[in-house]
Every structure is written in C-alpha cells, then in structure tokens.
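Protein chains: 2
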Amino acid sequence: MSNPKSNESGQQKSQGGGQAPQTAITPTRADNYSEWYQQVIKAADLAETSAVRGCMVIKPWGYAIWENMQAVLDKMFKDTGHRNAYFPLFIPLSFFQKEAEHVEGFAKECAVVTHHRLAPGPDGKLMPVGELEEPLIVRPTSETIIGASFAKWVQSYRDLPLLINQWANVVRWEMRTRLFLRTAEFLWQEGHTAHATAEEAQVETMKMLDVYADFAENFMACPVIKGKKTDGERFPGAVDTYCIEAMMQDRKALQAGTSHFLGQNFAKGSDIKFLDQSGTLQYAWTTSWGVSTRLIGSLIMTHSDDDGLVCPPRLAPAHVVILPVLHKPESAAAVLEYCKKLAVELRGMAYCGRPVVVELDDRDIRGGDKMWSWVKKGVPVRIEVGPRDMEQDSVFMARRDKPHKEKTSVKRAEFIATLTTILDDIQAGLFAKAKAHREENTRKIDSMKELTDFFTPKKAPKDNEQPEIHGGFAMARFSMDVAAEAKLKDDLGVTVRCIPLEGSDDPGPCVITGKPATKRVVFAKAY
Amino acid sequence: MSNPKSNESGQQKSQGGGQAPQTAITPTRADNYSEWYQQVIKAADLAETSAVRGCMVIKPWGYAIWENMQAVLDKMFKDTGHRNAYFPLFIPLSFFQKEAEHVEGFAKECAVVTHHRLAPGPDGKLMPVGELEEPLIVRPTSETIIGASFAKWVQSYRDLPLLINQWANVVRWEMRTRLFLRTAEFLWQEGHTAHATAEEAQVETMKMLDVYADFAENFMACPVIKGKKTDGERFPGAVDTYCIEAMMQDRKALQAGTSHFLGQNFAKGSDIKFLDQSGTLQYAWTTSWGVSTRLIGSLIMTHSDDDGLVCPPRLAPAHVVILPVLHKPESAAAVLEYCKKLAVELRGMAYCGRPVVVELDDRDIRGGDKMWSWVKKGVPVRIEVGPRDMEQDSVFMARRDKPHKEKTSVKRAEFIATLTTILDDIQAGLFAKAKAHREENTRKIDSMKELTDFFTPKKAPKDNEQPEIHGGFAMARFSMDVAAEAKLKDDLGVTVRCIPLEGSDDPGPCVITGKPATKRVVFAKAY
Numbered sequence: 088m089s090n091p092k093s094n095e096s097g098q099q100k101s102q103g104g105g106q107a108p109q110t111a112i113t114p115t116r117a118d119n120y121s122e123w124y125q126q127v128i129k130a131a132d133l134a135e136t137s138a139v140r141g142c143m144v145i146k147p148w149g150y151a152i153w154e155n156m157q158a159v160l161d162k163m164f165k166d167t168g169h170r171n172a173y174f175p176l177f178i179p180l181s182f183f184q185k186e187a188e189h190v191e192g193f194a195k196e197c198a199v200v201t202h203h204r205l206a207p208g209p210d211g212k213l214m215p216v217g218e219l220e221e222p223l224i225v226r227p228t229s230e231t232i233i234g235a236s237f238a239k240w241v242q243s244y245r246d247l248p249l250l251i252n253q254w255a256n257v258v259r260w261e262m263r264t265r266l267f268l269r270t271a272e273f274l275w276q277e278g279h280t281a282h283a284t285a286e287e288a289q290v291e292t293m294k295m296l297d298v299y300a301d302f303a304e305n306f307m308a309c310p311v312i313k314g315k316k317t318d319g320e321r322f323p324g325a326v327d328t329y330c331i332e333a334m335m336q337d338r339k340a341l342q343a344g345t346s347h348f349l350g351q352n353f354a355k356g357s358d359i360k361f362l363d364q365s366g367t368l369q370y371a372w373t374t375s376w377g378v379s380t381r382l383i384g385s386l387i388m389t390h391s392d393d394d395g396l397v398c399p400p401r402l403a404p405a406h407v408v409i410l411p412v413l414h415k416p417e418s419a420a421a422v423l424e425y426c427k428k429l430a431v432e433l434r435g436m437a438y439c440g441r442p443v444v445v446e447l448d449d450r451d452i453r454g455g456d457k458m459w460s461w462v463k464k465g466v467p468v469r470i471e472v473g474p475r476d477m478e479q480d481s482v483f484m485a486r487r488d489k490p491h492k493e494k495t496s497v498k499r500a501e502f503i504a505t506l507t508t509i510l511d512d513i514q515a516g517l518f519a520k521a522k523a524h525r526e527e528n529t530r531k532i533d534s535m536k537e538l539t540d541f542f543t544p545k546k547a548p549k550d551n552e553q554p555e556i557h558g559g560f561a562m563a564r565f566s567m568d569v570a571a572e573a574k575l576k577d578d579l580g581v582t583v584r585c586i587p588l589e590g591s592d593d594p595g596p597c598v599i600t601g602k603p604a605t606k607r608v609v610f611a612k613a614y
Numbered sequence: 088m089s090n091p092k093s094n095e096s097g098q099q100k101s102q103g104g105g106q107a108p109q110t111a112i113t114p115t116r117a118d119n120y121s122e123w124y125q126q127v128i129k130a131a132d133l134a135e136t137s138a139v140r141g142c143m144v145i146k147p148w149g150y151a152i153w154e155n156m157q158a159v160l161d162k163m164f165k166d167t168g169h170r171n172a173y174f175p176l177f178i179p180l181s182f183f184q185k186e187a188e189h190v191e192g193f194a195k196e197c198a199v200v201t202h203h204r205l206a207p208g209p210d211g212k213l214m215p216v217g218e219l220e221e222p223l224i225v226r227p228t229s230e231t232i233i234g235a236s237f238a239k240w241v242q243s244y245r246d247l248p249l250l251i252n253q254w255a256n257v258v259r260w261e262m263r264t265r266l267f268l269r270t271a272e273f274l275w276q277e278g279h280t281a282h283a284t285a286e287e288a289q290v291e292t293m294k295m296l297d298v299y300a301d302f303a304e305n306f307m308a309c310p311v312i313k314g315k316k317t318d319g320e321r322f323p324g325a326v327d328t329y330c331i332e333a334m335m336q337d338r339k340a341l342q343a344g345t346s347h348f349l350g351q352n353f354a355k356g357s358d359i360k361f362l363d364q365s366g367t368l369q370y371a372w373t374t375s376w377g378v379s380t381r382l383i384g385s386l387i388m389t390h391s392d393d394d395g396l397v398c399p400p401r402l403a404p405a406h407v408v409i410l411p412v413l414h415k416p417e418s419a420a421a422v423l424e425y426c427k428k429l430a431v432e433l434r435g436m437a438y439c440g441r442p443v444v445v446e447l448d449d450r451d452i453r454g455g456d457k458m459w460s461w462v463k464k465g466v467p468v469r470i471e472v473g474p475r476d477m478e479q480d481s482v483f484m485a486r487r488d489k490p491h492k493e494k495t496s497v498k499r500a501e502f503i504a505t506l507t508t509i510l511d512d513i514q515a516g517l518f519a520k521a522k523a524h525r526e527e528n529t530r531k532i533d534s535m536k537e538l539t540d541f542f543t544p545k546k547a548p549k550d551n552e553q554p555e556i557h558g559g560f561a562m563a564r565f566s567m568d569v570a571a572e573a574k575l576k577d578d579l580g581v582t583v584r585c586i587p588l589e590g591s592d593d594p595g596p597c598v599i600t601g602k603p604a605t606k607r608v609v610f611a612k613a614y
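Chains as they are written, first to last, in the numbering used here: chain A, 88 to 614; chain B, 88 to 614.
A couple of the hints might just be wrong.
Which copy? The list can't say, so a pair holds if one copy fits it or any two copies do.
[What the hints assert, rightly or not] Dumping the calculated DSSO-like pairs for lysine-lysine here, alpha-carbon to alpha-carbon at most 30 Å: (1) Lys339 with Lys612; (2) Lys129 with Lys494; (3) Lys492 with Lys315; (4) Lys195 with Lys427; (5) Lys415 with Lys612; (6) Lys522 with Lys355; (7) Lys212 with Lys415; (8) Lys576 with Lys313; (9) Lys294 with Lys494; (10) Lys239 with Lys457; (11) Lys457 with Lys165; (12) Lys195 with Lys315; (13) Lys195 with Lys574; (14) Lys536 with Lys294; (15) Lys522 with Lys576; (16) Lys212 with Lys494; (17) Lys313 with Lys574; (18) Lys520 with Lys185; (19) Lys185 with Lys129; (20) Lys428 with Lys415.
Please keep in mind that the hints were generated in silico from the structure rather than gathered at the bench.
All figures in this text were calculated on a predicted structure; none of them were measured in a lab.
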C-alpha cells in the first residue's frame, strides 16, 4: 500500500485522491495509522529492524531522543535520593523461580543461555559447546537478581531505605514486535527500592508514579491518567501496579510507565531481612518502577502528523535548523558565514537546562528536499537565510507545529531574543492539543450496548480499506470482576487500562455485570 | 590471609608486625598486592561478585565513577563528530562468522542463547524449550552486527565518514575473572566508523587513540604510553591495533584502551560498499575503538594506597565530604546547620564543568569510623567542623593525597575561594606521582640475561609469603618475531605491551633473537 521510496524527496500526494492536501508521509494517519507510524520512524531516521528477530537498531536521531529522556529522568531520580548501580545481565534459572507468579509471568518469553563456547561440529560448522550446569535467563526485569544483592546489603533498619536505579537493556521474547512499542530487546531504567514499612514503600511507589507523570506531561507533552491496574493486569509478583496511561491519535491507550508496590513477596523470595529498632528480624518491603524506549513510540504517536515527526522542544535532538540559501554563487560564502555566526550565537544559549542545539545544513542538495528532511525529523524551529534576509539582518522562520508554508520574516536580534519563548509556546501547544484530543475522545458510558457501540466500527472494512477510527477512553463503572474483564477483552479487544487515582469514585451498577461498583475505570483498546 | 571484617572500623595494624605503620586496608600493597586490590574495592564499596559466574555488581560508589568517565568521554566523542546509536545485544552465529580471524578469536568465550522459553520438564522443573533455528551469540564486541547496519546505511561517498559510538554491555566468558579488570560481563563503549579511504580511517584510528590518552592522563591522572600492538596481540580481524598502556603500582602493565584500524576486512565480511566520486563501487575502510569498566580497575591500582581508594578529583563521585562534630548536644544543631549552609554554597560552585559534589555525613556513628569510611572511599577533600571551628568561622581540612593526620585549620571563606585550586593540585600531584613511579621502574635493557633478571624475583617466595615486587617496563629492541614473543611469554610471563609511537626508533640487535631490530618496545608483565 505504501511506497517508502516515494517519501525520499519530501512532499507527496496523499492517497485520498485529487483534492486531499499533499503530505510528506504516505500513507497518512487516516489512510493507515499503523503503517503511517512505521513510515514516520523511517522518514525521521529514528530506528530500523535488524537481522535479529524482534531486535531493533536505534539510529542516532532516535537515540538522541532517548539520551534527552535519560538526562531528565536521571536527574529526577537523583533529586529524589536514588543512586545508580549495575547488576548482571544474566539471571540463574533458580533465582528466577524464587517468586512463583513472577516466573510464570515471564517463562513464555525468555532468552536462555545454555552454552559458553563455540566449536566445529561433525560437519565442520561451528556449534554451541560447553553446556552450562544451570541455564541463565537474559534478564526480562531484574527483581530477583537485584534482590540477591539487596539481601546482602540490608542488615539493619539503618540500611533502609535502599534506593537504587539501573539503566539497562532487557529481553522479552515477544512474538509480534513493533519498533519502540514492543521489541524483543529494549532499553529501560528499573528502579528497585527496599523499605522498613509497607507505608514507606507505598509512598515511594506513588512518588515515582508522580515523577513519571511529571516527565510525561512536562517534557514529552503527553497528558496522562495516573491509575491503578486491575488484578488481571498487575505485574507478575506485585501486590499493586500503578501506571500512567496516554491516548494516542488513533484513540488507543498506551501504558507509558509503571510503578509497583511489591509488598514482601520478593523480599521473602530473596530473603531481604533487617533488624528493626526493637531488634526483631523482619522482611523488607520493596518497590520497582520502570520506563523504557517505548516512551519514544508514545512521543511519536502523540504528536506527529502527516508530514512526519513532531518533537516536543524539551526532548528534541535539535531545537533549531538553519537552512542557508546558497544557490547564488556570488552570495553563497557570505550567507554561509552569516549562518555560521548565528549558529554559534544560538549554541551559546540555554533552553530548559541544556544548551540550544543547532543543526546547520549546508549540504549541496535541492532546497525543497533539504527543508522536507528537517520537517520529517520534527525539528521545532526552521530558519532559512538567503542573500536578501542577510542584507536586512533578518531570518525567515517556520515552526514545526504550524503548516509548513507558514513562514515569518523576523529580525535576527528579535529571533534570538524570542527563541526560548517560541520553544515554550510550541511545547505548551503540543500538550494542549494532545489534551484536547483526549478530552474529545473520552466519554462517560453507562450501558453495555453503548460500550459495545463505542468500540465497534460502524461498518466493516472492505479489502484494501483501513478500519475507520472509532472508540477512545470509555469511563464506565466496573465491579472488578476478573472473568468479566477477560470476556470483554475476547469480545471487543478492550481492557481496563486503569482505575484512575482521582475522580473515579461514582457508585452505581457495573457496566458489564450490573453488580454494584464504586468506581469508574478507563476502558480502551491498547498498544 | 585477610580478614575483611577487620576493616570495618577503619585503621588496622598492617601484617608486617610491631613497627609497621597502621593502615586501613589489610593486607597492604607490600604484603599482598592482589588481595589488597580486592580489599580496596570492598572498603570503598565499589563492586562485588555476584551469584552469576564472572559477572560483577557495580555498586553506587563504583558506578558513579563510571558515570563520570562516561560523561567526559561522551563529550569528547561528540566533539570529534561521533553520534551515539544502539545495536542488538544478540549476534546470529552466521554473522559472527563473517570474519574468519574474528570468530576464531572469540569462539572460546561466547555466551550462546539457544532457546526462547521455559516450560516444566518431565520432573516438573522448568527447563529451556523453544529451540532457536540459529543460535545467537551475546555480543562480545559488535563489529559484525553493526557492519550489517553500516552496509545498509552506506551507499555513496556522501554517506561517509560514518562516525558512530555505542555505550553497551558485552560478554566474554572469561575463566579467571577479577573485579573490573576481567569479568564475564562488562560495560564499555565501542566506536565504529567507516571511511572512503585507508588514510582517513587511519587518521580516525589515531585520533581516537589520542582522545583515550588525553582522557587517561588529564582525567584519570594515569600516564600512558601510546603504541602499536605486535601481530601476536592484535585484535582478531584488525590490520593494526593501537593501545594505551599504563603501569600499575606493582609495576605490571595494564592496557587501558584500544583503537583498531580494520582495513577492509570487516567491510568485505559485511559488504559495506559505496559509490565513490567517479562512480566506482568500493569497499569502505573501517575502524573500531573501545574502553571499558576496566578503566576503574586501572584508576584504583594507579593511585590507591594502604588506606583505600584515592580518586582523582576530576572523576571522583564526591569532591568534598563534610564531617560535622556533633557529640556535644548543646552545639550539635548549630554545627549541623552551619555545615548544611556550607554544603549548599559549595554545591553552587563548579569544578571541571560539573557542579561540586558534596557529601554531608551526619550519621550517628563514632567520629573515627566516620572519618575512615570516607578516607577508604577516596574523597579528595575532607573537612571537619566542630563548635570551635564554627565560632572561628573556619574548617579543619584534610587532603586524601596527604597523610590522614595532616589537617589544617582554614577560614571558611578561604576554603571556598581555594577549593578548585586544591582539587587541581591533588589531580596534578597524583599524575606526577604516577609518572615518577613509571619512570623509576622503566629501564633500557640490551641483553637477554638482564631481561630475565629484571623479570625474575631474587628469591622464591616461601609458604605464606608474597613474591617480592620486581620488574617494570623493560625498553628493549625487538625483531617482531612472533615465535620469540610466544616463548618469552611461556618462559617469563612477559609480553610486548606495545611498540611506542614516539621515541622508539633505535636500531640494533633484538634482545631475544639477536637479529637486526629497528625499535625498542615495551616488555612487561601485564593484567
């Protein structure tokens, strides 16, 4: 359906036919949302699939977004008293089994190391030899291996709280993968903490959920609902799982971060004990919490448009791209010099605690192609400088959050003076737009028929036709019946995303079972 | 021989007997260098072994050193035009075999993933199931998997040079491991670049060697010799391997970083081709270069003493520790307040591009234990503040590079004004001391007898006795004879560390074979 090659030189006709506006990404969101997502990643040069099943290559532009996310989150973790450490990639099978629900939750998707050498086999080809006494699991998450260290580190109440974070790669052998959203290997951070009381561990769990919500809303410009997972969606081995849920442009939900109160389950499995102030030996209370490169998928799907990536300024790999107009030989050198000086001046400025990042594109390619390549990469502010602009000491500015033809001539000094305000304005605008989208597509629903209609396309898609966009967040009462939730998933592909922490109290009959319910929850289809 | 518990409360008698000075680390360097190294790591809380064979846990204090190393190196890489990206953890066996020497070099120490699920076996216990069609190697280095991406990314000379770096974990199934120096899993960065000509790739290889030398000398305060490896010590698959070699306090050499000119070997294996300006299809020329958490081992062994870690200020997890003297109840609150204000003021200052990091230790433990815990952790500057110091608006300062009893009373304002100068002085002093040590233990050697004597202990160690320290760097002529080098390794445990890039030309007879040689090389025992 799509022809990736056709994107190379920028603007293309959408597939809608004669009257549709031209777009840089084919297909458009309306034509085929899922394929549009892949094409945005390709056009912005963020990542690609690799020869290793389900593992992605994160390309420099995509990795730069991750580095910016890491820098902000790492500071937030340190400001809340956490310290980074590093634990083994491999988990002995016996460790992994210390928490029964946990091993059951991950056993079906584990990469298992069984040998430690290669040697020529009978046919002369290399094969694995040196079988390990005990197989090693490539960590899908590190509760059990970190628990083994915590058991050594924690002896007395004086050693608590123990507040640790790890930046690492993890592997979950997913069968259906999609770049950033679901890959066999992904990058993440996992916080692991131990506390003397249940209350302290619960406070920590909620504190880190708040950190994630703060990051999502104020840096990713993604509005999120903070909530608790139902029993069916809990992390394997946790007592309670909390999450932040965001709505994508196709109205599906995406879980952007989770924070787990683990009770004493893992402390008992790993033997994390301490002497309390009265001299009694007790099990510690633990938490874990994580966000991953999945956030990049969320960022893409929240803001991008039919011209490619739209990146919130606070996480953008570059804030400004300067495009010198160099086609007149007599002025080219002077224009380039003018642009270089401007770049140096901008790079001396700061935006949100990091230096302003400027790309200066002096490649010898067609101006249109050059401009479109940066539109597709989502750089917040583009400026073009030609001989006449230079003479007038002005720049021709365009914003990624406005139509690409909307350009303004601004005096150089004014541009410099207002740049950070413009970036803040773009950041705020993206958040407001995403929030309005969520509100428009959130509905209170009180009957099963209405719920079914909400999540059912009006007409079945024909061949070559994409299903129409429908649904969103249905706020409906739920009696927390696990079987009813499972049936809903089978029937409609809809799950309870979370029980919102705020404003969800509203007693009445459950939308599915009719039994008494106390809260409205978020029902949605999800990534 | 050593009793780790005995270190807990600081200063201990060395094992030398009655007259020896007391030290915080048992055994001392002179008593047992190798065990001293382990005890410094334990006392400074840097790392520990894990339940997974050969894999270490990097504890927060050790990881903070790594984070500081990463920040400096990452900036150096970006300033030289490199961008970060991320490639798969797993390498299909078939990829790994694309370069014949390469696979031979790593086949004996590979972690191999063969299955992707766990399920109960006949005995009810979990076992690996879901055998993979092709085994996956956990990357020991990424030339072949990154080469597969480079082959896609490089089409024309316009795509070159391609300058990529990756921060990652790698696994080499070493049989004899030692914390930081040699572990089955370690953290590193690996630069991978592709160029249009051999010359450009060679320039890149040397440029990154210079970056490593700059980092080692100016941040780690470790003097290094830049040189080229002999054929016997080349990276498997490389044309030329360059390295930086440092001398540890036991006079052994440690390879602290390598930079490889790979020629077209890996480009041919991975099919990295480009159309040059004349329209001819050519193989690219590639390089790779890396440093790892091994650097932390080098840092420890270069500077630390019998009281524990000595950390160069530019990489120290904390620059200053403030120790309030709180044992008098009537002044405790005021002293603590005074110290907190001082900490805030110091944290507002910068040293070498990062904020000054201050620890304020108000734990309710014995003053001596408290002081010794920070000596052992290697914090460059300690200050004690008691009621009298506070009254005089002064602090009691000690430097980690001076004897622990050498303390000076300094006015608060003067301390603040001179702190960065003091840190620079410590940094410079550590480098000068390490350089003097290397020079004292480097000798020009011109005969095999002298070489043998230089590397042979004068007397054999008796039971419970450590071998005396001997040897160092022997600068001797070598004819580059691979067999002679192998024999020397068998006979004396000595290898050619490198052929120095500077000052090594000195024609004459080879110290081993007597054949004509053109250069003096560095012979040494090595980690």
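Quiz item: With identical chains treated as interchangeable, where does the CA-CA distance between Lys536 and Lys294 reach 30 Å or less: within a copy, between copies, both, or neither?
Solution: The answer is neither: 38 Å in one copy and 69 Å across copies each exceed 30 Å.
Self-check item: Intra- versus inter-copy proximity for Lys313 and Lys576 (alpha-carbon distance at most 30 Å)
Solution: within (22 Å within a copy, 63 Å between copies)
Quiz item: Given a CA cutoff of 30 Å, do Lys522 and Lys576 count as a within-copy pair, a between-copy pair, both, or neither?
Solution: Classified as within: same-chain Cα gap 26 Å, cross-chain 69 Å, threshold 30 Å.
Self-check item: Homomeric proximity label, Lys185 with Lys129: Cα distance no greater than 30 Å
Solution: between (42 Å within a copy, 28 Å between copies)
Quiz prompt | Within, between, both or neither: Lys313, Lys574 at alpha-carbon 30 Å | solution = Within. Shortest intra-copy distance 25 Å satisfies the 30 Å Cα cut-off; inter-copy 68 Å does not.
Quiz prompt | Within, between, both or neither: Lys129, Lys494 at alpha-carbon 30 Å | solution = within (26 Å within a copy, 62 Å between copies)
Exercise. Tell me, please, which holds for Lys294 and Lys494 at an alpha-carbon limit of 30 Å: within, between, both or neither?
Key: neither (43 Å within a copy, 42 Å between copies)
Quiz prompt | Status of Lys612 relative to Lys339 across identical chains (alpha carbons, at most 30 Å) | solution = within (5 Å within a copy, 62 Å between copies)
Exercise. Indicate which option fits the pair Lys492, Lys315 if close means a Cα-Cα distance not exceeding 30 Å: within, between, both or neither.
Key: Close neither inside one copy (44 Å) nor across copies (56 Å); limit 30 Å.
Quiz prompt | Lys428 and Lys415: within-copy, between-copy, both or neither at 30 Å Cα | solution = Within one copy, since 20 Å is at most 30 Å while 61 Å is not.
Quiz item: Checking Lys195 and Lys574: alpha-carbon separation at most 30 Å within a copy, between copies, both or neither?
Solution: Within one copy only: 22 Å inside a chain, 52 Å across chains, cut-off 30 Å.
Quiz item: Between the shortest in-copy and the shortest cross-copy C-alpha distance, which are at most 30 Å for Lys212 and Lys494: within, between, both, or neither?
Solution: Classified as neither: same-chain Cα gap 62 Å, cross-chain 67 Å, threshold 30 Å.
In this structure, the hints that do not hold are numbers 3, 4, 5, 6, 7, 9, 14, 16, 18, in rising order.
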